[in-house]
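2 protein chains.
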Amino acid sequence: MKRSVMNIWVPLLLLAAAISIVLPAKTLAAEDPLPSWNDTAPKEAIVAFVESVTKRDSPTFVPVTERIAVFDNDGTLWSEQPMYFQAFFAFDRVKALAAHHPEWKEKNPFKAVLENDMKALAATGEKGAVEVLMATHAGVTTEEFEGAVREWLATAKHPRFNRPFTDVIFQPMLELLVYLRGNGFKTFIVSGGGIEFMRPWTEEVYGIPPEQVIGSSIKTRFELREGRPVLVRLPEVDFIDDGPGKPIGIDSHIGRRPIAAFGNSDGDLQMLQYTAAGKGLHFCLYVHHTDADREWAYDRRSPIGRLDKGLDEAQAKGWTVVDMKKDWKEIYPK
Amino acid sequence: MKRSVMNIWVPLLLLAAAISIVLPAKTLAAEDPLPSWNDTAPKEAIVAFVESVTKRDSPTFVPVTERIAVFDNDGTLWSEQPMYFQAFFAFDRVKALAAHHPEWKEKNPFKAVLENDMKALAATGEKGAVEVLMATHAGVTTEEFEGAVREWLATAKHPRFNRPFTDVIFQPMLELLVYLRGNGFKTFIVSGGGIEFMRPWTEEVYGIPPEQVIGSSIKTRFELREGRPVLVRLPEVDFIDDGPGKPIGIDSHIGRRPIAAFGNSDGDLQMLQYTAAGKGLHFCLYVHHTDADREWAYDRRSPIGRLDKGLDEAQAKGWTVVDMKKDWKEIYPK
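Heads up: the protein sequence lines correspond to chains A and B, in order. All the letters of the first sequence, read from the start, carry residue numbers 1363 to 1696 under the working numbering. All the letters of the second sequence, read from the start, carry residue numbers 1363 to 1696 under the working numbering.
The shape of chain A in the complex, shown without the other chains (with noise of 0.2 Å):
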């Protein structure tokens, strides 16, 4: 479990001592906690932020027991271009278990994933996408269905990149759960994706372990087999993590309002209000997607992750709002 988070440590590490070696003691550089992110407003909100809940002897200071930070993750963590990572998983699923379908061939909306036609695919509509969520995500135990996601994680790789999906993660983002931790934060993903599809990875990749995910759900049931206890995925939705069930799930899951929340779009929106509406300081944080170079650009129009209302709301209250292609030196880990 500690390697991928070594893989993020070891360069930085020997960025660090590489800098310290070079530059003279006194510029401190070495121990800057954001490096991947340009000295620009967004990283000083950041740092001024943390100081002033942190510091004893500040007005605004909060115990650590309070410091609870919560990130969306489609978007905000990780790409969420050209569509949400969970759907190639979906799709690849329905191509792996077609041999045990073969009425899948003739029958949309499995026939349109069999032959990669998007557009067929999206006529058959949301139906069609229910239909295909739970043909790849119920009818197994939730164990089994671990070992599905550990599985495609392991060889597939993002179309554009050419590189597994949890290497498509925000170098900046990461750093930042890290220099929060270390501030005495306890870090929570809350994502609109799957709750047990983020699970076998997050802990991993994030440094944020099971217990602190929130997520989509679908119903499971307590079964004996064979006398060994299992719970069963049913093809039955349970929650939805987006829009205002974000404030729902965060009060289900954590059951206290978070102090500082970052998100990327419109499905945010509600948990930055809520985040915002706590009774001490607060931060909350959109990541503009404006880098189409690096990574990509869109906001108001897109139908993945649109930033429109938010977008509107962060400005009418002073939200950080992160200019992904001013603010960030990197997008992804080297």
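Wrong hints could be hidden among the right ones.
In this list, chains with the same sequence are indistinguishable; a pair is considered to hold if it fits within one copy or across any two.
[Stated by the list, open to error] Only pairs whose alpha carbons sit at most 20 Å apart, straight line, appear in this in silico DMTMM-like list of lysine to aspartate or glutamate:
#	residue 1	residue 2
1	1641	1419
2	1489	1685
3	1671	1506
4	1687	1653
5	1679	1588
6	1688	1394
7	1691	1600
8	1548	1566
9	1581	1600
10	1548	1537
11	1457	1468
12	1548	1653
13	1641	1505
14	1581	1598
15	1641	1588
16	1671	1585
17	1687	1670
18	1548	1428
19	1641	1585
20	1641	1506
21	1641	1508
22	1473	1529
No lab work stands behind these hints: they were computed from the structure.
Since chain A is already given, all that's left is putting chain B on it; use the hints.
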């Protein structure tokens, strides 16, 4: 928040100091992590288990991140007689809210509660119980409900012991929680009781933060009230965290299988079975209420906290069973 934890620790530290003065150093009595447990089989089994999973060179070593321990609450961490403590809260809240509901004087189940007529209340059956529950637990924001719980706890007294309900907790289990956490365990509550009824006080009383409390819940709705986001508690059951619901709640909130589980009733059986079915070493314990003088004695026929199938399965599988009368030196904190 720290005051009650201090209340637990100060006498323990004083006791430890006193013992270390009185006894020769070699007995190491001051280091006993479970001083309220007699030196009988359950204590030995607990210590042996903890050592087997924490010693680096142990063949059954478990990494810190996987040291998950789950505890039932009613009857396991605190008493549950003469009725669940949450029922006292509900009845007191009916009385507190009665001024706003003049019609309750004439209308069961409320009339029965207001007149302390438990027989008439019982006659209203499950329908009556749900009515009382929803009238006292829904219709307010999550923050208002938390306030109501705190206010009640500050004044309500247990009828037999005439002390606050949060003092009718088991001293040996407090020591066990501290001992496990000191050995890298993350401790969770998994209770049939209401999640939002427990969270306002579990951190102070048990050292278990709200995000590590799992319980039964009603649905909530996100609303903007005069621009301020709140969650409103709805009169609709969301999840029943009892029996087969416990492994489901564990999967939903924790996302991995515990290695240690503690309960006292048949409602905990599936949680213990689920824990016992893990791949590595595990530990399952039942608290058997056998002490009518100091607490209560009940098991196979009790309507509250029935322990029947669980007792048989514990014997068949060699799980640890605490005989409260024999195994516990103290029941409640002094």
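Evaluated hints:
1. Taking identical chains as interchangeable, the C-alpha atoms of residue 1641 and residue 1419 lie at most 20 Å apart only when both belong to the same chain, with a minimum of 18 Å there against 48 Å between chains.
2. In the homo-oligomer, the alpha carbons of residue 1489 and residue 1685 never lie at most 20 Å apart, since the shortest distance is 36 Å inside one protomer and 56 Å across protomers.
3. Taking the closest pair of Cα atoms, residue 1671 and residue 1506 never come within 20 Å of each other, the shortest separation being 39 Å inside a single copy and 29 Å across copies.
4. Taking the closest pair of Cα atoms, residue 1687 and residue 1653 come within 20 Å of each other only inside a single copy of the chain (5 Å); across copies the shortest separation is 69 Å, beyond that limit.
5. For the identical chains of this complex, residue 1679 and residue 1588 are inter-copy neighbours only, at 16 Å across copies versus 57 Å inside a copy, given an alpha-carbon limit of 20 Å.
6. For the identical chains of this complex, residue 1688 and residue 1394 are intra-copy neighbours only, at 18 Å inside a copy versus 58 Å across copies, given an alpha-carbon limit of 20 Å.
7. In this homomeric assembly, residue 1691 and residue 1600 never come within 20 Å of each other (Cα to Cα): the closest approach is 40 Å inside a single copy and 45 Å across copies.
8. Taking identical chains as interchangeable, the C-alpha atoms of residue 1548 and residue 1566 lie at most 20 Å apart whether they share a chain (16 Å) or sit on different chains (18 Å).
9. Proximity of residue 1581 to residue 1600 under the C-alpha cut-off of 20 Å is found in both arrangements, the shortest distances being 5 Å within a copy and 12 Å between copies.
10. For a Cα distance limit of 20 Å, the shortest separation of residue 1548 from residue 1537 inside one copy, 14 Å, qualifies, whereas the shortest one across copies, 25 Å, does not.
11. Taking identical chains as interchangeable, the C-alpha atoms of residue 1457 and residue 1468 lie at most 20 Å apart only when both belong to the same chain, with a minimum of 14 Å there against 64 Å between chains.
12. In this assembly of identical chains, residue 1548 and residue 1653 lie within 20 Å of each other by CA distance neither inside one copy nor across copies; the values are 30 Å within and 41 Å between.
13. With identical chains, the CA atoms of residue 1641 and residue 1505 are at most 20 Å apart between copies only, with a shortest distance of 12 Å across copies and 41 Å within one.
14. Within a single copy, residue 1581 and residue 1598 get their C-alpha atoms as close as 6 Å, and across copies as close as 17 Å, so both meet the 20 Å cut-off.
15. Within a single copy, residue 1641 and residue 1588 get their C-alpha atoms only as close as 52 Å, which misses the 20 Å cut-off; across copies the closest is 16 Å, which meets it.
16. Within a single copy, residue 1671 and residue 1585 get their C-alpha atoms only as close as 44 Å, which misses the 20 Å cut-off; across copies the closest is 17 Å, which meets it.
17. Within a single copy, residue 1687 and residue 1670 get their C-alpha atoms as close as 19 Å, which meets the 20 Å cut-off; across copies the closest is 64 Å, which misses it.
18. Within a single copy, residue 1548 and residue 1428 get their C-alpha atoms as close as 9 Å, and across copies as close as 17 Å, so both meet the 20 Å cut-off.
19. Proximity of residue 1641 to residue 1585 under the C-alpha cut-off of 20 Å is restricted to the inter-copy arrangement: shortest distance 17 Å between copies versus 44 Å within a copy.
20. Taking CA atoms no more than 20 Å apart as the test, residue 1641 paired with residue 1506 passes between copies only; the shortest distance there is 15 Å, against 43 Å inside one copy.
21. Taking the shortest Cα distances, residue 1641 and residue 1508 sit within 20 Å of each other only across copies (15 Å), while inside one copy they are farther apart (39 Å).
22. In this assembly of identical chains, the alpha carbons of residue 1473 and residue 1529 never lie at most 20 Å apart, being 30 Å within a copy and 63 Å across copies at closest.
Of the numbered hints stated above, those contradicted by the structure are hints 2, 3, 7, 12, 22, listed in ascending order.
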